[in-house]
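Novice: Each protein sequence line maps, in turn, to chains A and B.
Its first residue numbered 16, the first sequence is counted upward by one per residue in the working numbering.
Its first residue numbered 2, the second sequence is counted upward by one per residue in the working numbering.
Mixed in with the good hints, there may be bad ones.
[Stated by the list, open to error] Partner residues are not named here, just some residues of chain A that face chain B (Cβ under 8 Å, in silico):
no., residue
1, L64
2, F87
3, H91
4, I95
5, Y97
6, S103
7, F105
8, H107
9, G117
10, R120
11, R162
12, T166
13, S167
In short, the hints are calculated from the structure, not lab data.
Only a predicted model underlies this, so the values are computations on that prediction, with no experimental measurement involved.
Just so it is clear, CB atoms sit at the ideal spot from N, CA and C, and this is done for glycine as well.
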Amino acid sequence: MSGLDVRLRARFGAFQLDVDFTAPGRGITALFGPSGAGKTSVLRCAAGLERAREGRLSLNGQCWQDEARDVFVPSHRRAIGYVFQETSLFPHFSVRGNLEYGWKRTAAGERRIAFEQAVEWLRLGPLLDRGSGTLSGGERQRVAIARALLTSPDLLLLDEPLSALDEEAKAEILPYLERLHQELSVPAVYVSHASDDVIQLADHIVLIEAGRVRAHGPLGELLTRVDLPFSRGDAAGCIIEAVAVEHEAAFRLTYVEFDGGRLAVPASPPIGACVRVHVSARDVSIALAPPSQSSILNVLPARVIDVTEHVPGRALVRLAVGGVVLLARITQKSVSVLGLTPGQPVYAQIKSVALLH
Amino acid sequence: MSSADWLAVWLTLKLATVTTVVLLIIGTPIAWWLARTRSRLKQPIAALVAMPLVLPPTVLGFYLLLFLGPNGPAGALTTSFGFGTLAFTFSGLVIGSVVYSLPFVVQPVHNAFEAIGGRPLEVAATLRASAWDRFFTVALPLARPGLLTATVLGFAHTVGEFGVVLMIGGAIPGQTKVLSVAVYDHVEALEYLHAHALSAGMVAFAFTVLLALYAINRRMEPLR
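Let the sequences and hints guide you as you build the complete structure.
Specialist: Structure (structure tokens):
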């Protein structure tokens, strides 16, 4: 069995945790939910920092905890890397000392990331001999990420690594997390209550509410489910995983292709790069015929899946475009005028798209 | 100062050094346990450790005397091993001093361990460090200011000990006649000049030690 299998039941004070899910063995899984939902508790249990009274936990078939057999592998014997929410660097070591702490305790034969590689990757070279107290918030988190990676973990656990940072520092860290995602084969579990981070980074979502798993599945699928909170907020939309195929330098556009068609994106990722594009529900409108003269570049043939009235007067239409589900937020009047019904072929007009990475 | 006085000074320093070393070895684990445990025994043990702070030294000395004497449990044990009793010996003094100065070592170390909190140890655990490893590479280094305070206070407090020594040590020169007892004897014998020499030395010592302690603590603060 590949991935992190979690089945836990625990009581922390008055709080009851009862979760059951599998995080895939690749990519980033986001534990998403409101503050106090129990996301961090799940992560701490996965790391062995907390012990649930009942349950089973295994990574890639390797058992870490099984209360039925009284098995509990302590944290230091689990192949995890953990990045804590707030600064957690050892104050009595320099940056180098912090990085070396876990590195030295990882058997040479198990090391998959070279020391210099992690240093270069997170651009820590100039910081190596600094004391950890002299670093900025963003720098500290970069050191913490490198320190965790240097133990060559089978699973990286990130507990809201951005939440203690200001916007500037956040923007500094995000690219590193994206690269982590793209270049490193280490699967990660990422705790977050910010949907922006999740949409940007996650491949898989476990939605946790009040100590229970409300839903889990691939990001694209959960974002477009009308029964879940993602489709309700202002940020509602969908993501499309595509490949950059052509530049149009004169207009600073790049065409990206996915199985539902082609999109023009105002950015310049390298040709052949896998990109993630976000399409907001409020930027999608529906036409019955392809518009002939319009400022809108991205028009895709689609099929209506269903129509939901999510607030009085306004409807959320789910459209199938190839294998992708697109969300369109339109008025109930438009639904009636166009006579939209499930299965109907239409054209989705996309006013703007955002390239996430 | 007479050679007898120098002997008392030397004996005092020896007693304080041995006592401090013993105290750090047994006091640090006690402090660690107190800082980390969720046991119900925590409060009773903490109270027991703090008792020498409030008990008159004579009371402490009296019970130690009974404990170490030929009819006490420890005395019976040491006698059965052929060591005789420990009362009125240097070893007995070390045992008495350890009990007497225990809170002065345990409390600063305990406070230092508590100030570290659980997080650095959790971090170390996720970085593959075992419990012993975490203790020696994270807890002890981070508790350094507390350990230093404990060392200085344990040493200084043992130097200033009188009541307990008088009860279980008597005044055997070179064996149990420490500085404070020597001062007492000089005063009893109306040898005020000798008493002055030793007492003034003690006052200067106490002031210097405490001044150094405060200075060191101030310098260490930015480390935290």
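Novice: Against chain B, is S103/A within 8 Å by beta-carbon distance?
Specialist: holds (5 Å)
Novice: Using 8 Å as the Cβ threshold, decide whether L64/A counts as touching chain B.
Specialist: holds (5 Å)
Novice: Given R120/A was flagged as interface, is its beta-carbon under 8 Å from a beta-carbon of chain B?
Specialist: holds (4 Å)
Novice: With chain B as the partner, please determine if T166/A meets the hint condition of a C-beta pair closer than 8 Å.
Specialist: It holds, given that the least Cβ distance between T166/A and chain B is near 6 Å, below 8 Å.
Novice: Hint Y97/A vs chain B: min CB-CB distance below 8 Å?
Specialist: holds (4 Å)
Novice: Quick one, is the R162/A hint okay against chain B at 8 Å, beta carbons?
Specialist: Interface hint status for R162/A: holds (7 Å vs cutoff 8 Å).
Novice: Quick check on the hint: G117/A CB to chain B CB, less than 8 Å?
Specialist: holds (3 Å)
Novice: Under 8 Å, Cβ to Cβ, is where H91/A needs to be relative to chain B, so tell me if that hint holds or is violated.
Specialist: holds (5 Å)
Novice: So, as I understand it, the hint says S167/A touches chain B; can you test that by seeing if any CB pair is closer than 8 Å?
Specialist: violated (10 Å)
Novice: So, F105/A near chain B? Judge it on the closest CB pair being under 8 Å.
Specialist: At about 6 Å, which falls below the 8 Å cut-off, the nearest Cβ of chain B leaves the hint on F105/A intact, so it holds.
Novice: Holds or violated: the hint that I95/A contacts chain B, with Cβ atoms closer than 8 Å.
Specialist: holds (6 Å)
Novice: Classify the hint on H107/A as holds or violated, based on whether any CB of chain B lies nearer than 8 Å to its CB.
Specialist: OK, holds: H107/A within 8 Å of chain B, min 5 Å.
The earlier numbered hints that this structure contradicts are 2 and 13.
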